[in-house]
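Working from the sequences, and respecting the hints, build out all of it.
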Amino acid sequence: EAQVTQNPRYLITVTGKKLTVTCSQNMNHEYMSWYRQDPGLGLRQIYYSMNVEVTDKGDVPEGYKVSRKEKRNFPLILESPSPNQTSLYFCASGRYGWGSGHGGYTFGSGTRLTVV
Amino acid sequence: KNQVEQSPQSLIILEGKNCTLQCNYTVSPFSNLRWYKQDTGRGPVSLTIMTFSENTKSNGRYTATLDADTKQSSLHITASQLSDSASYICVVSAVLRGSGGYNKLIFGAGTRLAVHP
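Listed in order, the protein sequences are those of chains A and B.
Numbering-wise, the first sequence is residues 1 to 116 according to the numbering used here.
Numbering-wise, the second sequence is residues 1 to 117 according to the numbering used here.
These are calculated hints, taken from the structure and not from any lab test.
In this text, a Cβ means the ideal position worked out from N, Cα and C, and glycines have one as well.
Keep in mind that a hint or two might mislead.
To be verified - Result set (DSS-like, lysine-lysine): computed pairs, CA atoms no more than 30 Å apart in a straight line: (1) Lys104(B) <-> Lys69(A); (2) Lys65(A) <-> Lys1(B); (3) Lys1(B) <-> Lys57(A); (4) Lys71(B) <-> Lys71(A); (5) Lys57(A) <-> Lys104(B); (6) Lys57(B) <-> Lys57(A).
Claimed, not checked - Counterexamples of contact, computed for chain B against chain A with all Cβ distances above 12 Å: (7) Arg34; (8) Asp39; (9) Asn55; (10) Thr56; (11) Asp67; (12) Thr78; (13) Ile89; (14) Cys90; (15) Ser93; (16) Val115; (17) His116; (18) Pro117.
Structural data, given as structure tokens:
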């Protein structure tokens, strides 16, 4: 089954303790992206990657890191989490060059992170 | 500034009734517009995708319209069901020049729909 898999689904951590949220896709998509979703706001892009070893900042990259060593994986790293990073996070993948609208864009099921 | 605004923020309807959700955008250059359905705590799932030249597209009981001149879109749900209770998100793609085809997605905040029996 074609899917984007995020882990964990739920995570509670303490301020300053490094964590990684994993994201994996099995569709051979070039493009992957991380978003956070907060109440009353639309999804906001954190980082994206157009291919292996190619990453770039989205709209809200502060406090986050990513890496793209393999095509299928795109982990999100919080080096020193803070309470304002408490949010619902989504990973997504799609075919590069889907500007025509013919490409699919698949989201993972989400990771709910709480930083206390 | 590229923005997508949706209305209403929330809506309650009775099962079997129809409803229409609105999306206004100020995104340029426009590439395409998508409607997503997001169940609580789950990732968004695509309902429809429309490009500049398309003004209506249906997916079962969901019909989306697009007026590129006024930069407005609507999502009409016919004969609502309890399973339609979800958030509906309008997403507009802007072409990033010189990017070789990459679109930046701009998300609306969504309309939360509750269908009651």
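Here is how each hint holds up against the structure:
1. Lys104(B) <-> Lys69(A): 23 Å, holds
2. Lys65(A) <-> Lys1(B): Satisfied, since the Cα-Cα distance of roughly 26 Å is no more than 30 Å.
3. Lys1(B) <-> Lys57(A): 18 Å, holds
4. Lys71(B) <-> Lys71(A): Roughly 36 Å between the alpha carbons, so the hint for Lys71(B) and Lys71(A) is violated.
5. Lys57(A) <-> Lys104(B): 12 Å, holds
6. Lys57(B) <-> Lys57(A): Between Lys57(B) and Lys57(A) the Cα gap is close to 33 Å, so the pair fails against 30 Å, i.e. violated.
7. Arg34: The claim is violated: Arg34(B) sits with its nearest Cβ about 8 Å from chain A, within 12 Å.
8. Asp39: 10 Å, violated
9. Asn55: 14 Å, holds
10. Thr56: 15 Å, holds
11. Asp67: 17 Å, holds
12. Thr78: 24 Å, holds
13. Ile89: Given that some Cβ of chain A is not farther than 12 Å from that of Ile89(B), nearest at about 7 Å, it is violated.
14. Cys90: 9 Å, violated
15. Ser93: Violated: least Cβ distance 7 Å, not greater than 12 Å.
16. Val115: 21 Å, holds
17. His116: Non-interface label stands for His116(B): nearest chain A Cβ at 22 Å, farther than 12 Å.
18. Pro117: Holds, because the least Cβ-Cβ distance between Pro117(B) and chain A comes to about 26 Å, which exceeds 12 Å.
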